[in-house]
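For the record, the sequence lines run as chains Z and R.
Going by the numbering used here, the first sequence runs without a break in its numbering and finishes at 1680.
Going by the numbering used here, the second sequence runs without a break in its numbering and finishes at 376.
For the record, the hints were derived by calculation from the structure and aren't laboratory data.
It should be emphasised that the depicted structure is a prediction, and the values quoted were computed from it without experimental measurement.
Every residue gets a Cβ at the ideal spot worked out from N, C-alpha and C, and that includes glycine.
Errors might be hidden in some of the hints.
[Stated by the list, open to error] Under the rule of at most 30 Å between Cα atoms (straight-line distance), these lysine-lysine pairs were calculated in the DSS-like manner: (1) Z/LYS1530 x Z/LYS1652; (2) Z/LYS1136 x R/LYS372; (3) Z/LYS1652 x Z/LYS1536; (4) Z/LYS1360 x R/LYS372; (5) Z/LYS1390 x R/LYS334; (6) Z/LYS1464 x Z/LYS1536; (7) R/LYS334 x Z/LYS1360; (8) Z/LYS1418 x Z/LYS1464; (9) Z/LYS1493 x Z/LYS1533; (10) Z/LYS1652 x Z/LYS1493; (11) Z/LYS1459 x Z/LYS1418; (12) R/LYS334 x Z/LYS1136; (13) Z/LYS1418 x R/LYS334; (14) Z/LYS1476 x Z/LYS1493.
[Claimed, not checked] Pairwise CB distance ranges, derived in the manner of DEER restraints: (15) R/ASP299 x Z/LYS1390: 34 to 42 Å; (16) Z/LYS1530 x R/ASN345: 45 to 53 Å; (17) Z/LYS1476 x R/ASP299: 50 to 58 Å; (18) R/ILE295 x Z/GLN1255: 33 to 41 Å.
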Amino acid sequence: MSSTIITLGDPLMQESDTQPSSKLSMAATPTANTLPQRLADFDTLTDALEYAADGATGYNFYDAKGGVRSVLSYSALKQHALMGARRLSSLGLARGDRVALIADTTPEFIELFFACRYAGLVPFAMPIPVNLGSHAIYVRQLRGMLESSQASVAIANLDFVGFLEEAAEGLNADHLQWVGTPSQLELLPEIEVVFQPNSPEETAYLQFTSGSTRMPRGVVITEQALMCNLRGIVRNGLEVRASDRCASWLPFYHDMGLVGLVLSPMAAQLSVDYLATRDFAIRPLQWLKLISRNRCTIAFSQPFGLKLCALRVRESDLKELDLSCWRAAGIGAEMIRPDILRNFADKFSAAGFDERAFLPCYGLAESTLAVSFSKINQGVMSIQVDTKTLVEKKMAVRVQAEGRKFNEFVNCGRPLPEHTVKIVDDNGEELPQMMVGSVLVRGDSVMTGYFNNHEETNKALKPGKWLDTGDIGFTLEGDLYITGRRTDVIIVNGRNIRAQDIEELAEQQPEVRSREASAFGISGSDDTTVVVLVVECRLTSVEERQSLMSRLQQMVYMAFGVNCLVELVPPHTLPRTSSGKLSRFAARQGFLQRANMADQISVVQSGDR
Amino acid sequence: MVEINQEDILELLCRRLASFANTEQEITPETNLITQLAIDSIKLLNLIMELEDNFDISIPLNALTDVVTVYDLANLIYRIKSNSK
Chain Z
1072 MSSTIITLGD PLMQESDTQP SSKLSMAATP TANTLPQRLA DFDTLTDALE
1122 YAADGATGYN FYDAKGGVRS VLSYSALKQH ALMGARRLSS LGLARGDRVA
1172 LIADTTPEFI ELFFACRYAG LVPFAMPIPV NLGSHAIYVR QLRGMLESSQ
1222 ASVAIANLDF VGFLEEAAEG LNADHLQWVG TPSQLELLPE IEVVFQPNSP
1272 EETAYLQFTS GSTRMPRGVV ITEQALMCNL RGIVRNGLEV RASDRCASWL
1322 PFYHDMGLVG LVLSPMAAQL SVDYLATRDF AIRPLQWLKL ISRNRCTIAF
1372 SQPFGLKLCA LRVRESDLKE LDLSCWRAAG IGAEMIRPDI LRNFADKFSA
1422 AGFDERAFLP CYGLAESTLA VSFSKINQGV MSIQVDTKTL VEKKMAVRVQ
1472 AEGRKFNEFV NCGRPLPEHT VKIVDDNGEE LPQMMVGSVL VRGDSVMTGY
1522 FNNHEETNKA LKPGKWLDTG DIGFTLEGDL YITGRRTDVI IVNGRNIRAQ
1572 DIEELAEQQP EVRSREASAF GISGSDDTTV VVLVVECRLT SVEERQSLMS
1622 RLQQMVYMAF GVNCLVELVP PHTLPRTSSG KLSRFAARQG FLQRANMADQ
1672 ISVVQSGDR
Chain R
292 MVEINQEDIL ELLCRRLASF ANTEQEITPE TNLITQLAID SIKLLNLIME
342 LEDNFDISIP LNALTDVVTV YDLANLIYRI KSNSK
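Turn these sequences into a full structure, and let the hints guide you.
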């Protein structure tokens, strides 16, 4: 383990003091490094950076037109992070105190993230607002995270610091001591300190997983868990080599963006090319152009991102692209539907895309990021199982005869080394292969819990250190197949939305009582997911009912960026369990029956948590 | 460059948005983009792309958080356009 001893007056540092990172150099970092490659065999994140900083590789940020906006080599990152750490030290924080960072795709975010680690502080990334009219609700979401984490410091760039200041108003001042921008932080004095090395047992960062304003859940990830996952990703999942280069548009505030495409490449000393999520969403082909131009080999996306690319591409674009370099097209973060991948491959094979590059994987923030990877260079393997047996016996049997109805599921491969997956029934009993049940994971990447939230921690972490992922699936010959989310997570256009968070919004309306709202997803036309919110309502006037419905639609949109179908029903319509708990599964069945959409009724598995 | 005023932007926007609406709905400055036009994320991205190309501006995400009506959006474009001169 390295200890970091810093001396003031280093000419290199003083020079970079007056030069913001964005001005240092405009040539992207090279793919080939000057160092022998080490594949994430470090004890801590700062150890990994200390090694990478001796090489030539690093992070590159591109603008919407594909030009280099800024370059942050690992060597510059180390210098800047150490400076930031010394400035943070001037605030007199205790080891392990939390630092909230609004995570735009910028060098400053990464510098501050590592500054926290050098200073023994625990950073966490907060989202940037992306929805129309979301101002008020976004501020409340930020406040929820600041409260839940008891953050001492909160930092955002100029675009977002106003939201942060609003969120900070009315917070307990005992915790939050400092709110500002990275440039304001630069005005703080640098304190000469010898930083204590981080230990593997210490918390490396928190990852928030929910847009709830009342009950945000911050996953606690230790250095040990992180490094274990990075090793698994780099060595086993991707089989990284020295000639690799990554490209990413994934937001830094998501686990796949942060762990997969910021921390993993650094731990293997690879260069990365970033496009801001917003720029990708508006012009998705810029991502593919980046891959093509810089000969990138590794780039991950949710299926939704691939769908956007396929939607937008024109024949003329294909001629300009050469995607033959792309060897690992990781697919994760939502249910993988094979047809989206096939469609992408059909479109982009003309640009040299090899469908064997598809790398389906499965994971979740509660297990740092990755749980399992399919075999690299094999492409998508899937299985077609008989729908009737699946529904009636919860059993996945390969479809035998022609013409029978089937469901197709993607092979997500084997768990990483030091990890075990098991499938259990509703009573927690382990099921044999091919039987469908809850997916549980055990291993060194699993979180220690949700920060300051024993209730949620106890729901997720079962005896024997098993993490209940909340997903449903089966195993076959050691490989994992995910068949569905539980009804408490709705996935729309790549966004995971917790049903509970939508219900919570509804219950904040004066007309809605607690436990009288139920949210779930149904399949709409064109295979998209539609969010449905069923609310028990006592109002009789048409105007009042209309007003409530519009308000609910608007609130859900502002908070989650999705349209939602609101149904008002008479009191006592929503089905409850014997303990008085609402059953989303039954609520959904009831809705489908009322809406004459009975064909969808049995496809979803039960499993309200 | 041709001077463009707030009213021109509003008018152009109403015309563009009419193609997003699924009904014969009349678009006015007061039309609520969320509840009345049901602009989902893909439609929103398409709209932003068109507006950026059309007006040669860059619309920052943080500014959209205060946009609910057609008027709000027109006003935002006008402000960005005036500042970029």
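* Numbered hints the structure breaks, given as an ascending list -> Numbers 8 and 11, in rising order.
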